[in-house]
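Each chain, written out:
Number of protein chains: 2
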Amino acid sequence: MRRCLILAGLCAAFAGSVAAQGNGAALAARQWRQNHERAILDEFFSLLSVPNIARDETDIQRNAEMIESMLEKRGVPAKLVSVPGANPVVFGEIKTPGATRTIVFYAHYDGAPLDPKAWSTPPFQPVLRNGTIGNDGAVVPLPAPGTLVNPEWRIYARSSGDDKAPIIAILAALDAIRADGLRMKSNIKFVFEGEEEAGSPNFAKILAANKGLFAGDVWLTCDMPSHQSGRQLLVFGDRGISGVDITVYGPHVELHSGHYGNWAPNPAMMLAKLLASMKDDNGRVLIDHFYDGIVPLSETEKQALAAVPDMDAQLMREFWLGSTEGAPKHLAELLMLPSLNVRGMSSGRTGLQASNVIPSSATATIDMRLVKGMDPDATADRLINFVRKQGYFVVDSEPGADVRRSHPKVAWITRSLGEKAFRTPMDLPISQEVIRTVESARGATVLMPSSGATVPDAAGEVLGIPNIVVPIANFDDNQHSFDENLRIQNLWDGIDLMAALLTM
Amino acid sequence: MRRCLILAGLCAAFAGSVAAQGNGAALAARQWRQNHERAILDEFFSLLSVPNIARDETDIQRNAEMIESMLEKRGVPAKLVSVPGANPVVFGEIKTPGATRTIVFYAHYDGAPLDPKAWSTPPFQPVLRNGTIGNDGAVVPLPAPGTLVNPEWRIYARSSGDDKAPIIAILAALDAIRADGLRMKSNIKFVFEGEEEAGSPNFAKILAANKGLFAGDVWLTCDMPSHQSGRQLLVFGDRGISGVDITVYGPHVELHSGHYGNWAPNPAMMLAKLLASMKDDNGRVLIDHFYDGIVPLSETEKQALAAVPDMDAQLMREFWLGSTEGAPKHLAELLMLPSLNVRGMSSGRTGLQASNVIPSSATATIDMRLVKGMDPDATADRLINFVRKQGYFVVDSEPGADVRRSHPKVAWITRSLGEKAFRTPMDLPISQEVIRTVESARGATVLMPSSGATVPDAAGEVLGIPNIVVPIANFDDNQHSFDENLRIQNLWDGIDLMAALLTM
Numbered sequence: 001m002r003r004c005l006i007l008a009g010l011c012a013a014f015a016g017s018v019a020a021q022g023n024g025a026a027l028a029a030r031q032w033r034q035n036h037e038r039a040i041l042d043e044f045f046s047l048l049s050v051p052n053i054a055r056d057e058t059d060i061q062r063n064a065e066m067i068e069s070m071l072e073k074r075g076v077p078a079k080l081v082s083v084p085g086a087n088p089v090v091f092g093e094i095k096t097p098g099a100t101r102t103i104v105f106y107a108h109y110d111g112a113p114l115d116p117k118a119w120s121t122p123p124f125q126p127v128l129r130n131g132t133i134g135n136d137g138a139v140v141p142l143p144a145p146g147t148l149v150n151p152e153w154r155i156y157a158r159s160s161g162d163d164k165a166p167i168i169a170i171l172a173a174l175d176a177i178r179a180d181g182l183r184m185k186s187n188i189k190f191v192f193e194g195e196e197e198a199g200s201p202n203f204a205k206i207l208a209a210n211k212g213l214f215a216g217d218v219w220l221t222c223d224m225p226s227h228q229s230g231r232q233l234l235v236f237g238d239r240g241i242s243g244v245d246i247t248v249y250g251p252h253v254e255l256h257s258g259h260y261g262n263w264a265p266n267p268a269m270m271l272a273k274l275l276a277s278m279k280d281d282n283g284r285v286l287i288d289h290f291y292d293g294i295v296p297l298s299e300t301e302k303q304a305l306a307a308v309p310d311m312d313a314q315l316m317r318e319f320w321l322g323s324t325e326g327a328p329k330h331l332a333e334l335l336m337l338p339s340l341n342v343r344g345m346s347s348g349r350t351g352l353q354a355s356n357v358i359p360s361s362a363t364a365t366i367d368m369r370l371v372k373g374m375d376p377d378a379t380a381d382r383l384i385n386f387v388r389k390q391g392y393f394v395v396d397s398e399p400g401a402d403v404r405r406s407h408p409k410v411a412w413i414t415r416s417l418g419e420k421a422f423r424t425p426m427d428l429p430i431s432q433e434v435i436r437t438v439e440s441a442r443g444a445t446v447l448m449p450s451s452g453a454t455v456p457d458a459a460g461e462v463l464g465i466p467n468i469v470v471p472i473a474n475f476d477d478n479q480h481s482f483d484e485n486l487r488i489q490n491l492w493d494g495i496d497l498m499a500a501l502l503t504m
Numbered sequence: 001m002r003r004c005l006i007l008a009g010l011c012a013a014f015a016g017s018v019a020a021q022g023n024g025a026a027l028a029a030r031q032w033r034q035n036h037e038r039a040i041l042d043e044f045f046s047l048l049s050v051p052n053i054a055r056d057e058t059d060i061q062r063n064a065e066m067i068e069s070m071l072e073k074r075g076v077p078a079k080l081v082s083v084p085g086a087n088p089v090v091f092g093e094i095k096t097p098g099a100t101r102t103i104v105f106y107a108h109y110d111g112a113p114l115d116p117k118a119w120s121t122p123p124f125q126p127v128l129r130n131g132t133i134g135n136d137g138a139v140v141p142l143p144a145p146g147t148l149v150n151p152e153w154r155i156y157a158r159s160s161g162d163d164k165a166p167i168i169a170i171l172a173a174l175d176a177i178r179a180d181g182l183r184m185k186s187n188i189k190f191v192f193e194g195e196e197e198a199g200s201p202n203f204a205k206i207l208a209a210n211k212g213l214f215a216g217d218v219w220l221t222c223d224m225p226s227h228q229s230g231r232q233l234l235v236f237g238d239r240g241i242s243g244v245d246i247t248v249y250g251p252h253v254e255l256h257s258g259h260y261g262n263w264a265p266n267p268a269m270m271l272a273k274l275l276a277s278m279k280d281d282n283g284r285v286l287i288d289h290f291y292d293g294i295v296p297l298s299e300t301e302k303q304a305l306a307a308v309p310d311m312d313a314q315l316m317r318e319f320w321l322g323s324t325e326g327a328p329k330h331l332a333e334l335l336m337l338p339s340l341n342v343r344g345m346s347s348g349r350t351g352l353q354a355s356n357v358i359p360s361s362a363t364a365t366i367d368m369r370l371v372k373g374m375d376p377d378a379t380a381d382r383l384i385n386f387v388r389k390q391g392y393f394v395v396d397s398e399p400g401a402d403v404r405r406s407h408p409k410v411a412w413i414t415r416s417l418g419e420k421a422f423r424t425p426m427d428l429p430i431s432q433e434v435i436r437t438v439e440s441a442r443g444a445t446v447l448m449p450s451s452g453a454t455v456p457d458a459a460g461e462v463l464g465i466p467n468i469v470v471p472i473a474n475f476d477d478n479q480h481s482f483d484e485n486l487r488i489q490n491l492w493d494g495i496d497l498m499a500a501l502l503t504m
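Order-wise, the sequence lines are chains A and B.
With this note's numbering applied, the first sequence corresponds to residues 1 to 504, in that order.
With this note's numbering applied, the second sequence corresponds to residues 1 to 504, in that order.
Pulled out of the complex, with its shape left as it was, chain A reads as follows (with noise of 0.2 angstroms):
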C-alpha cells in the first residue's frame, strides 16, 4: 500500500479510501463522535473560553490545570512540570501492560498573540459558523445533543486550530476507546506545552530536566495546518533558519535630495544594490559556499516528494500570483532547497509620507531557511563575507562618526535567529508504521520530507527521539492571525486519527 502511494498519487487516492474502512480504531472512533458532537463541541469551547497567551501567567495556569483535569478525568494520570519561570507543560502518561514502546503526543496549548479589535468576534468567546466569514458564514447556535454538525461550519476562538484541536481530538479519541473497550498497544506519554507562540524559551530545559519522563520511541508534533490538498499529511523535518539584520548607512543626517542628490551616496540604493546581488531572478542564492554541505534527500525522501500533489495553480490564484520564484520547480520541492527571504526593508519615507531627501541609512531583515547539513551561525557568516566581499566594513554595533567616516560602505549587522534543520528518515521502522496506520485511518497521504517552516526540534535534540508533525487543522485556519477557526470536518478526521495513532 505504502509502495504505491509513494509511486503514484493516483492509486494512492484508492488505497486511502480503502484504508480509511480499515483501521478500526478510526472506524470506532467516527461512530462514537457521531454520536457525542455536541458534548465534544462543548468541551472544546469550554477550552477556547480560556484565554491563553503565554504572557498571561494566570491564564496559562487555568489552561494547564482545565487539560490536567480533563485527561485525569478519563483515567489518565497528569500532572504540570516546569521548571523556575516557565510555563507548565501538562504530562500525562498511560502505561499499557506488555507494552515495548511509547509513542508521545505533543501539543500546546498556549495560543498565537493577538489584537482583539481585528477579531470579527471575540478570541476567546468560541462560535460556529455556518461557512467561514469571507463566504458570510453566520453565527449559528450548536446543534442540539443527538444532531450531526455541517461538517463545512467553522468554529472561530483563537487556538481553534493552533493548537488546541489536537488536544481535543486526543481526549475524544481516549473517550471512543474507552467506551469501545479497545485495547492499546503501545506506553502513551501527553506533552502539551505552555509557551510555544512566545518562541518556546524553556521547553528545552523543562525536556533536559527530566530526560527519563519525557522518554520514548517516537515523537508525535501534533502542530501546524494540513496540506491544501485535503489529504493527511505528515512531515518528517523542517528547515532550520538563520536571521540578520542589515543596516547600511549613508549621510548621518538626512540631506536635501536636491541640494546633495549624485553627491551622498544614497543608503536606499545602497541596499537595494546589496540585497539584488545575494540572488539570481531565479531564486538561486549567490552568496558564496550557501549550498555547501547539504545533506541531500533519500531516494525514499525523492520519491515521496514526487509524488507531493501539486498545488501551485491553485495557490497561485489564491495569493494573486502571475509567476513564481524558483518555477518550473513547484513549491513542495522548492520548499526542500535553502531561502533567503527579505521579511521587510525600509528607509526614509515613501507615498506621502516622503519627502525630498536622501535618506540617512536604510535596514533590511533577513530570514535564511537552511536544510540538513547547513550550520546557522556558518550562514549567517558565509553573508558577512559575502557582504564584505561587496566592499563593506561591517561592524556588529552601531557604527558612530569615525568609523563612518573612514569607510567608503559601512554595514551594521546582527544576528537574531538561529536554529538546525531536523529531518527524520523516513524509511526508520518507527516512521513507516506510523505511515501505514495513518494511511489506514485517513487513506491517501502526503508525505513531506520536510516542512519550508521551522518547528523547533526538542525531542530531537534533547532527547534523541525521532520526531514527525501530523498536522489536523484546515490550511485555512487563519493561525496566528485574526478569525483563527477551525472547520469541522478536519476536528472529526483528527479524531479518527488519533484514536489509530493511540492504539498503534
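None of these hints come from the bench; they were simulated from the model.
Among the clues, some could well be false.
Where chains are identical, the list cannot tell them apart; a pair therefore holds if satisfied intra-copy or between any two copies.
Under the rule of at most 30 angstroms between Cα atoms (straight-line distance), these lysine-lysine pairs were calculated in the DSS-like manner [to be verified]:
id, residue 1, residue 2
1, K389, K273
2, K95, K73
3, K302, K329
4, K273, K409
5, K273, K329
6, K95, K211
With chain A held as given, fit chain B onto it using these hints.
Frame of chain A, contents of chain B only:
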C-alpha cells in the same frame, strides 16, 4: 575683477575685501546698521512673532498686513494682490524718475510647517542665543540700543532664515538709503509671496493675472541658504524635478516565509533588483535616453563652476561620509547633472517589528532632478519604459487580482512631481551687472550656473524675466526643520547687499 574671480578663486578673495569698500550704498548701510542694530532686531522679532504657516489664513493675513505697513512706513506704496483662494502677495513699488529698468525683489513671508514639540524654544517666540544650540548657545537678552551685537550670535525662530530675513534686510537697507539721502537708479518692485512652503499653488496664477504689475528686467529671488564657504552665493538656475512612486507585488496577503519562501516572489527583492538596475556603482543613471537632450553648460558657466570652492572634504566630515557617489567629481559639478534619488523604500517591517513573512508589496518613492533640456513628463516616461524593459507590466492605478494573476511582474507607477529646470545665462548684461554689484558690496562670490534643488521659476515661465537667486541665510540655518536660526552676521551682510542691489 569678475574675470579674475572666475579664473582664479584665490585672487577673488582679495578682490572681494577691496570691493566691499567700493560700494557706497553698502558702506552707508553698514554704518547706519551699526547705529541701529537693536531697532532692526526689534522689528525683525515683531515680524517673527506672527505665526506664518501657509494654511493658517488669519496668521497669514496678519503677516501680509504687517509687511505692507512696514513698506508704507518707509514711503513705499504697497498693496496685497491675490486670486480667489490664494494667500496674498505683498506688492510694493518704488518708481524712480528717469529710470529705464526695473528690478524685482522676491521673497516669501510664509514658513515651513513644523512640529513645535521638536523645538528648543517656541518657534514663534524669537530668541537671541550666544551661539548655536549644538554648541550650547544660551538664550540672551537683546543688547541695549547703541551697543553692537556679537555677529556670531543667532536668532532662533521659524522663518528667521527662510525667508523673512531678506524682507528685514531690504527694509533696513531702505532705511539706510533714505537716511543717507542716496539716490536710486532703477525702478524697484517688491514681491513677497505667502504660500511658497505650500508649493506655491497660486503664484503663477497671480503673476499671470497681473503681468504688467509684476513686469521687470531682472527678478532677484532672495531665498535659499548661502554657500558653505561663507562667500556670497549667486545662483542662476535650478534643477527641475520629476517624481514617481513605484509599487511592485508579491502575494496579495503576506505569506509565511517558511511555508512559501523560495516559491512566492518576494516584492522587496524584486524592488531591490529593479532599483539596483537603474544606476551603476558610480551613480550614472542607466535608464535609456535619460541624458538625451541636455543643454550643455556655456563656457562662462563652466568657468564659474570651476571656480566654486571645493567643499567636499568639509562636508564629508560634517555628514560622516567615507565616500561620495560621483567621485572624483565634486559636489558642485555633480549638481549640474541630473540625478535619480530614492527618497524612501518600504516593504514589510524591519528589526523588532519584522515578522516571518514574504511581504505583499514593496514601494519606493523616487525623485529625479532634471537639468535644462529635460522634460519632466518625458523623463518619467523613460523611467516607466525602463521598468517595462525589466519585464514589468506597468499600471497607473492599483492592480486587482486579474491583473496580478495574469502578469509575472506588475508595477504600479504614479507620477508625483513635475517641474522643468531653468538657467538664466550668466552672459546677459543684467546678469553681469548683478554680479558686479554683488561683488562690489560683498567681495568674492560663488557663482553657480544652477542650484541642485528645485526653485519654481514662475517669473521666467509666466513673465519671461531673467531670474537670479540671491541667498543671505547661513547654510546651517536648519531651514524646513526645527530650531531654524539666522546667524547675525548673515543678516548684516544681507543689509549691505540689499542696499547695493536697491541702488544698482
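Checking an output row: K95 and K211, CA cutoff 30 angstroms. Within, between, both or neither? within (17 angstroms within a copy, 100 angstroms between copies)
With 30 angstroms as the alpha-carbon cut-off, assign the pair K95 and K73 to within, between, both or neither. Intra 16 angstroms, inter 104 angstroms, cutoff 30 angstroms: intra-copy only.
Between the shortest in-copy and the shortest cross-copy C-alpha distance, which are at most 30 angstroms for K302 and K329: within, between, both, or neither? within (14 angstroms within a copy, 57 angstroms between copies)
How would you label the pair K273, K409 (within, between, both, or neither) given a Cα cut-off of 30 angstroms? Intra 12 angstroms, inter 19 angstroms, cutoff 30 angstroms: intra and inter.
My question is about K389 and K273: at a cut-off of 30 angstroms on alpha-carbon distance, are they close within one copy, between copies, both, or neither? Close inside one copy (13 angstroms) and across copies (18 angstroms); limit 30 angstroms.
With 30 angstroms as the alpha-carbon cut-off, assign the pair K273 and K329 to within, between, both or neither. both (27 angstroms within a copy, 22 angstroms between copies)
Going through the hint list in order, the structure satisfies each hint without exception.
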